[in-house]
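Sequence order for the protein chains is G and U. Just so we're aligned: 268 in the working numbering is position 268 of the first sequence, and the numbers increase by one with no gaps anywhere. Every number in the working numbering is 1000 more than the matching position in the second sequence, counting from 1.
These are calculated hints, taken from the structure and not from any lab test. Computed from a predicted model, the values in this text were never measured in an experiment. Please note that the accuracy of each hint is not assured.
The calculated DSSO-like cross-link candidates involving lysine-lysine, where the alpha carbons are at most 30 Å apart (straight line), are [said to hold, decoys possible]:
hint	chain 1	residue 1	chain 2	residue 2
1	U	Lys-1010	G	Lys-275
2	G	Lys-275	U	Lys-1080
3	G	Lys-86	U	Lys-1080
4	G	Lys-351	U	Lys-1080
Cβ-to-Cβ under 7 Å is the rule here; a few derived chain G residues that face chain U [what the hints assert, rightly or not]:
hint	residue
5	Pro-68
6	Ala-243
7	Leu-257
8	Thr-272
9	Tyr-273
10	Glu-349
Think of the CB as a built atom: it goes at the ideal place given N, C-alpha and C, for glycine as much as any other residue.
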Amino acid sequence: MQDVAQEVIKFIDLNYANALYLFIVGFIGGLVSGFIGSGGAFVLTPGMMSLGVPGLVAVASNMCHKFPKALVGAIRRAKYGQVDVKLGIIFGIFAEAGVFYGAHIQEMIKQRFGDAGSNLYVSTAFVVILATVGTFVLRDAIKTYRSGTTDKEEQVSKIARWVQSINIPGTMMYFKSLKARVSVLFIVPLGFATGMLAATIAVGGFIGVPSIIYVLGAPSLMGSATELVVAFVMGLGGSLKYALHGFVDFRLTAIILAGSLFGIQLGAMGTTYVKPYMIKFVMGVIMVTVLFSRAFMIPVYLSDLGMITTLSEMTVKVLKSTSFAIMVFALLIGAFIILRAMFQGRRAEQKLVLQASLEQSEV
Amino acid sequence: MATDYSRTRKKPVFRMLAFGICSTALYALVFSYQGFITAYFTRGALYAALPIATAFAISFIHGNFTSYFWSVLGIEANRKALRPRPEVTRPDMRERPQPQPRLRAKL
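Sequences are here, hints too, so could you generate the full structure?
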């Protein structure tokens, strides 16, 4: 903690350009989070670091904006009947344990292998999780679209049906999103893995949301909404941990919150205009795009560790810029899909409003 | 119950302005005293409550402002989606089929 304390002293000087940049990134991150239940953090943390904010301060400040944003988003989506608070809290408690364990693993890797080793571990986690889960979610969304069953109630996956069929006395709880009793013993590893991922790549929802949908059997809308409760619990616990050591630069938190609270309301409203498979589609697209972004950084870390031929400074710069640009593109494409779907949905609703007004004036 | 598309809602302009003023005042306070705030919010230990409490305050004040902001602009949730849906009951997954009675006759 001593060497980290040195970093903490370096709180950046904020100017209007930096503030506007953080506001816009916060808005887009909030929009995506309100829709798919997570996301935004993977751009915010490196985004802050690109302004010169030390890594730990960036993570802490981001965490301190995450829980109020998730709270506002969860309240909004609860009004639409999409949130399973009980599942979110229980899932969140085990996710919190996962966050602490994940952070401990990170510290151990950093001590043993240094920054390059830690970065390689994070990038590998990105690639493995996003490749497996992201492609699965995207394929499922495309399959649903092509089958023409987008208007029908979502089918519960085979794994979820099996999970819901298991009865372990003394551990069973009823969850309204699942419309079934499920053993808490299934929620423990899923929550823990979500927290570990959050501590590693800053976005636990990339495991959290798919596991709530595909393993526990919740509908997509409820899975993504319930993840906001999980994010609130994780964010609050993580923020307390960092705030106890004085790592939160509240100015950054406040600016990001200013933008993200606009975005998350819009993202939440967007879920009421789209068919459920769109949640999976947007999540899958973002995950697969970010996968490519992280893949560009792996040669840089392998070079730093001496595992491949040392790359030139120019090559490293190009790879880092390309990686960051693709990551920003991932968020932008997610935001574009959400806004487009919302725009189309609102146009359809406005036609109905006009039609109803005409019918009433005729009567 | 069919969705009533003919009814237009009154826009919450006053509430938006009220929360907007409070939000602006809160942000102005945070950034006018940013040196003081940074010093106290990063002291650690019991002072950790300060950034957490302020984040909650922002989520309430600014959260309400942003909500009313979108409503005043006419951007709201799809009314059809807010309509209560009939409860769909799923069969109990643990129900096992009853064994069929079989006649065992000894010849």
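Do the hints match the structure? See the list:
no.: 1; hint: U:Lys-1010 - G:Lys-275; in the structure: holds (28 Å)
no.: 2; hint: G:Lys-275 - U:Lys-1080; in the structure: holds (12 Å)
no.: 3; hint: G:Lys-86 - U:Lys-1080; in the structure: holds (26 Å)
no.: 4; hint: G:Lys-351 - U:Lys-1080; in the structure: holds (13 Å)
no.: 5; hint: Pro-68; in the structure: holds (3 Å)
no.: 6; hint: Ala-243; in the structure: holds (4 Å)
no.: 7; hint: Leu-257; in the structure: holds (5 Å)
no.: 8; hint: Thr-272; in the structure: holds (4 Å)
no.: 9; hint: Tyr-273; in the structure: holds (5 Å)
no.: 10; hint: Glu-349; in the structure: holds (6 Å)
Consistency with the previously given hints is maintained throughout, with no hint failing.
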